[in-house]
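A.B. asks: One letter stands for each residue in the lines below.
Number of protein chains: 2
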Amino acid sequence: MESNPAPTAALLIIGNEVLSGRTKDANLSHLGTQLSEMGIRMMEARVVPDIEARIIEAVNELRARYTYVFTTGGIGPTHDDITSACIAKAFGVNLIRHHEAMAVLAAHYAATGAEFNDARKKMAEVPEGAALVENPVSKAPGFHIGNVYVFAGIPRIMQAMFDSVRGELATGAKIASRTVSCRIGEGTLAQGLGAIQARHPGIDIGSYPYFAGGGFGVSLVLRGTDEAALDAAADEVRALIRSLGGEPVEGEPVKEEAGK
Amino acid sequence: MESNPAPTAALLIIGNEVLSGRTKDANLSHLGTQLSEMGIRMMEARVVPDIEARIIEAVNELRARYTYVFTTGGIGPTHDDITSACIAKAFGVNLIRHHEAMAVLAAHYAATGAEFNDARKKMAEVPEGAALVENPVSKAPGFHIGNVYVFAGIPRIMQAMFDSVRGELATGAKIASRTVSCRIGEGTLAQGLGAIQARHPGIDIGSYPYFAGGGFGVSLVLRGTDEAALDAAADEVRALIRSLGGEPVEGEPVKEEAGK
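Going line by line, the protein sequences match chains A and B.
Per the UniProt record's numbering, residue 1 is the first one in the first sequence, and the count goes up by one each step.
Per the UniProt record's numbering, residue 1 is the first one in the second sequence, and the count goes up by one each step.
Pulled out of the complex, with its shape left as it was, chain A reads as follows:
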């Protein structure tokens, strides 16, 4: 549908706490959903620890491969916040104090009465050449340089920062979806479903089993940019379910657990 290849994206989640299991990441699902609406395909996510070499390596691999890279985490005032310095090293530029960030933070701490100390001034440091990303929640800005967007890790701040930049991003045709669920086993559906996928190569059909109400079910999710083709393929999925004695249910059931 689109004249240019669809833009792509990767998310780099930076933080020991996500790897140790302490913190459950909530940013990938938010960003994946938002980008799909904008026609930007999330192609990869990585979680790396607070280790400089690992962050630099991941940033450089991902920014070479995808249209956009979003990073979350590690831009606060404490010793374990090393993202900004790592991004500067990844781009081979100096880390500088950004005048506008200094002004925003100075005004914020003057208003709150907290001391604008050296640790807080660290939050005004960005790679030379970076542009600030506004943070309406807690003021300390993110930034972007090249195709890399650097956000905070706290979900409500990350979401606000993404909203600050979404208008700048190149978009593609919206990736729409249709979901049909049923109580037929995946192994019973598989052959017919594979045939539907083969007839619709422009659509991505996924089969996701789940537990609900004490038994297994399966959600069949069709994704693509051509709404008419999606409708046609979804009709074929409903017909397949009925041909196997099942009852197609629109959308996703309430699930105890999902995954694949």
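Careful: at least some of the hints might be erroneous.
[Said to hold, decoys possible] Calculated cross-link-like contacts (lysine-lysine; reagent style DSS-like; alpha-carbon spacing at most 25 Å):
#1 K121(A) <-> K89(A)
#2 K174(A) <-> K24(B)
#3 K121(B) <-> K139(B)
#4 K24(A) <-> K24(B)
#5 K121(A) <-> K139(A)
#6 K24(A) <-> K174(B)
#7 K174(B) <-> K139(B)
[Said to hold, decoys possible] Partial selection, computed: residues in chain A whose CB lies under 10 Å from chain B:
#8 G187
#9 D204
#10 V221
#11 T225
#12 A229
For the record, the hints were derived by calculation from the structure and aren't laboratory data.
Every residue gets a Cβ at the ideal spot worked out from N, C-alpha and C, and that includes glycine.
Mind docking chain B on chain A? Use the hints.
C.D. replies: What follows is chain B alone, placed relative to chain A:
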């Protein structure tokens, strides 16, 4: 504490549905927590789409770098389940029907009355040389080959598969933690916290702000294998909080949102 370097691990999450935002991964936090208890450090996680080249590349990069690689997703009967074939290609071996897996599945489908058709026989296919991983939940096994463990994506099945293999894994000294929370701003704590980190290089101190009860707070998490050193460092953190006029609270508060 340990005589050998601590074993390391990576998680490879395979599935378009995690990248699109449809499915929230729950396996990283479970595995990260379990491995910490066993003294195995989770060093990286990646999420890749159902694309053969991406899966093979990620498996080969991760298995060369870490003691263990765990994969989740893509081992069911449908067309989008390509993990087993990709692992075989990553190792340069054939994909074969495993006799024991065939027997387990044949008995399962005989008992349930479902047809043991070609799609379901696909779930008995493993790379040549792989050993099965028992699945007490839904029978279709996982497998491991070399240092790569291949699990289902549904959390309750993944967790059961991990429990099936945990006794085989080399362990290290348990990575213990202490958590102290307070309502002091991170920027106020940062200098003193950095000094505590510098005095305890064997301990990993993280600072994680959160929203709760209408305001910001911060949880300070100390992780390491030396319990006495953890206690000493945690005492210093409590003293720091008190010196700044705050009240240290043990553990994590109930949070609306966490992250960093």
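A.B. asks: Give a verdict on every hint.
C.D. replies: Right, here's what the structure says about each hint:
With a C-alpha separation of about 19 Å, the suggested pair K121(A) and K89(A) falls inside the 25 Å cut-off, and the hint holds. In summary, the hint linking K174(A) to K24(B) is supported, as the alpha carbons are separated by about 21 Å, within the 25 Å threshold. At most 25 Å may separate the alpha-carbon atoms for a hinted pair to count; K121(B) and K139(B) meet this at roughly 12 Å. Simply put, K24(A) and K24(B) have alpha-carbon atoms about 10 Å apart, close enough for the 25 Å limit, and the pair holds.
Distance restraint check for K121(A) and K139(A): the Cα-Cα separation of roughly 12 Å lies within the 25 Å cut-off, and the hinted pair is therefore satisfied. Distance restraint check for K24(A) and K174(B): the Cα-Cα separation of roughly 21 Å lies within the 25 Å cut-off, and the hinted pair is therefore satisfied. Between K174(B) and K139(B), the direct Cα distance comes to roughly 31 Å. Violation of the 25 Å bound is thereby established for this hinted pair. About 4 Å separates the beta-carbon of G187(A) from the nearest beta-carbon of chain B, less than 10 Å, and the hint is met.
Given the 10 Å rule on beta carbons, the hint for D204(A) holds: about 6 Å separates it from the nearest Cβ of chain B. For V221(A), the suggested interface contact is upheld, since its CB lies about 6 Å from the closest CB of chain B, less than 10 Å. For T225(A), the interface hint is violated, the least distance from its beta-carbon to any beta-carbon of chain B being 13 Å, above 10 Å. Look at A229(A): its Cβ only gets to about 17 Å from chain B, farther than 10 Å, so that hint breaks.
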